[in-house]
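Chains R and A are the protein sequences, given in the same order.
For the first sequence, UniProt numbering gives the first residue as 1, with consecutive numbering after it.
For the second sequence, UniProt numbering gives the first residue as 1, with consecutive numbering after it.
Residues from chain A that face chain R, not an exhaustive set, calculated with beta carbons under 7 Å:
#, residue
1, N66
2, A95
3, S106
If you're looking for bench data, these hints aren't it; they were derived computationally from the structure.
Glycine included, C-beta positions come from ideal geometry on N, C-alpha and C.
Number of protein chains: 2
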Amino acid sequence: MIPTITAFERSPDGGRGLARDMQVRWALEEVGQACDVRLVSFGGMKQPAHVAISPFGNIPTYEEGNLALFESGAIVFHIAERHAGLLPDDANARARAIAWMFAAFSTVEPPILERTTAVILERDAPWHDERLPLVDDRIRKRLAELSRRLGDSEWLDGAFSAGDLVMVGVLRRLNRSGLLNEFPNLAAYVARGEARPAFKRAFDAQLAVAMAGSNG
Amino acid sequence: MIPTITAFERSPDGGRGLARDMQVRWALEEVGQACDVRLVSFGGMKQPAHVAISPFGNIPTYEEGNLALFESGAIVFHIAERHAGLLPDDANARARAIAWMFAAFSTVEPPILERTTAVILERDAPWHDERLPLVDDRIRKRLAELSRRLGDSEWLDGAFSAGDLVMVGVLRRLNRSGLLNEFPNLAAYVARGEARPAFKRAFDAQLAVAMAGSNG
Chain R
1 MIPTITAFER SPDGGRGLAR DMQVRWALEE VGQACDVRLV SFGGMKQPAH VAISPFGNIP
61 TYEEGNLALF ESGAIVFHIA ERHAGLLPDD ANARARAIAW MFAAFSTVEP PILERTTAVI
121 LERDAPWHDE RLPLVDDRIR KRLAELSRRL GDSEWLDGAF SAGDLVMVGV LRRLNRSGLL
181 NEFPNLAAYV ARGEARPAFK RAFDAQLAVA MAGSNG
Chain A
1 MIPTITAFER SPDGGRGLAR DMQVRWALEE VGQACDVRLV SFGGMKQPAH VAISPFGNIP
61 TYEEGNLALF ESGAIVFHIA ERHAGLLPDD ANARARAIAW MFAAFSTVEP PILERTTAVI
121 LERDAPWHDE RLPLVDDRIR KRLAELSRRL GDSEWLDGAF SAGDLVMVGV LRRLNRSGLL
181 NEFPNLAAYV ARGEARPAFK RAFDAQLAVA MAGSNG
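Chain R on its own, in the form it takes in the complex (with noise of 0.2 Å):
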């Protein structure tokens, strides 16, 4: 059975790839499952049908058979316990694997998070100029200590995991900050996982959904 997605029919990132379809795509492409793609407008997104299946409005979403999810975090750890590739065999390993996943969006994201609301809804507040330099130094006190811990490995814990794919996804929010080049092998670690093929053929696939919204 082929799982449907839901993205946005004109991403606001402009084919980015930083709408949260992207690491459900990734993670698709990491296993080799196909899905199709159904296209949501920013109207749609509010009507009582997307709501029914995503409570806050948003995207992406999963439809297989009778299951519909939302939250890209559980559609990836969904996908990750469904197919071999995204989560290690051992319990403990996995566990860890699954932490990583857990760090990434509570407690990495949340100053990431801060400072898109600080850039894109108090771009014009008095405060902002002053204010945003206290956000980046909350973000970058979780480079660091993300930094530390991944040293020289490759990935986080051993072999490439969702919990990677997920925190490189979230890392990818501060790609035009100038964040992450202060901390070179946080760099090349989401570098790392832009280069895999899955995550390339993901990222083809919803820039070809911007490029066709951008001529229609």
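Please arrange chain A on chain R, whose structure you already have, making use of the hints.
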């Protein structure tokens, strides 16, 4: 084998049960699993022995034989996978419960953390009074979506699950803000969580640590 978790030697919340060991204690109580608790000082959390287990220098951690885990969400999930009572048996319902876990951390908590940051780290900033209502509105948006989904249901998706446990934990961070009371069904949902005997046992256990610390 009895697992060992870590908790603050002196929790900054003074025993209100807002530190992240609370959800792990609660999950262990729900499934009837005893644990040992090792208290860690703020200095100790930054020491190599702790950081080796907890890369971001946080509590709680979870040690059981050869397994050492960090991230409260991952620990709750680990407990839920290995004991009955926190995840449904039906595969699709299980996937949806896990989606609520990710939603709690990825979608509901970030604006709540932004509020905590504003109140603690930016209280004296010249923009504090003008900016806080903007943060509160971002929280309200998520609460409104969650309230709409919950409706008159007792829990988010059928029986009480690990998804409810972490969502209640996230919402409890708003207890002093007054925001929860704007959504009576969410306030009642949190109260139902807090009324569970397992919650009360976990709450009392963390409160006993705070009380001992304040007498020390």
